Structures are given as structure tokens and as C-alpha cells.
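Trainee: Just remember that the numbering used here sits 5 ahead of the position in the sequence shown, which is counted from 1.
No more than 27 Å apart at the CA atoms, straight line, and that leaves these computed lysine-lysine pairs for DSSO-like:
| hint | residue 1 | residue 2 |
| --- | --- | --- |
| 1 | 12 | 23 |
| 2 | 87 | 47 |
| 3 | 23 | 47 |
The set of hints was computed from the structure by calculation and includes no laboratory data. From a predicted model like this one, the values you see are computed outputs, not experimental measurements.
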Amino acid sequence: METDYRKLQRLLATQQFKAADQETWRLMLWVASRENEGWLRKLDIEQFPCRDLRTIDQLWLQHSNGRFGFSVQKRIYDEVRKSYILLANHVGWRVNGDWLEYEDCSFELRAPVGHLPWRAEVWWPSQLRMARGGSFFAPRLVDCNL
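Taking the hints into account, I'd like the entire structure generated from these sequences.
Mentor: Encoded structure:
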């Protein structure tokens, strides 16, 4: 079944970035068949369809004047030598060494470049914890040529 991105497109077009971030996550869970769990596994990321990643990324890029999107995060991730901590500092997910709570994120166009989308919850077995942030998709973005 084809994924319907019209709601995400409408939210982004009207700069409702918090709702768009939440819709992005809802769509990603739906695509990965993980709606009931509410989080993704490493395997889900590795198998996430490139077509859907590209669509989400293009919508964010288009409606943020190129400021937001997974490909923006990947570019910054590459620029900071693939350091998740440095990426988080750069895009404003960490401030003065402290991680932001989701509610404290900036959902405005003036947010730091790469700040959104952000709502991603990934079970990282090697660290035995949940982790947040879009950069966990970086290897998949490489695979998908984003």
C-alpha cells in the first residue's frame, strides 16, 4: 500500500513544524510496521525503504528552504567527522552539554540548520537504551544516496 504524504506536505507548507515532526515519525513507524511498538530497531533502519526516506527528506527540504531534512543532518554529520555528539551540538539538540527534551526543541524556521526532523526513537541494543535523533539514519542515508 502506498504511503500518503499529503498531511505531512500540508503541515510543512504551513510551517507547523512540531506537528510535521510528529507526522514524520508516525509515517516512519507505519512504513516500518512498528506503529504498535512506537520505536524502531536497528534492523528497521537498515531496511527502511529509500523511496520513503527520499520523499520525507524532499518535503522537509522544500518547505524549509533547505534548512531541515535528513540529508541536511547527514551533511552536518559528515562535516563533524561522524560524531553524533558534535552533530547534536551543531543542530541544537544539545545545549551546554545537556540534551534537550523533545518539548524544548525549536519548531520554527529560525531553528538551527538540521534541527528537524528530530522525533526518532531507536532501540540501540549495543547501548541497551533508547536513543533519539535523526542521525541514527546516517548509514541508511548513505545507502540511499541522500
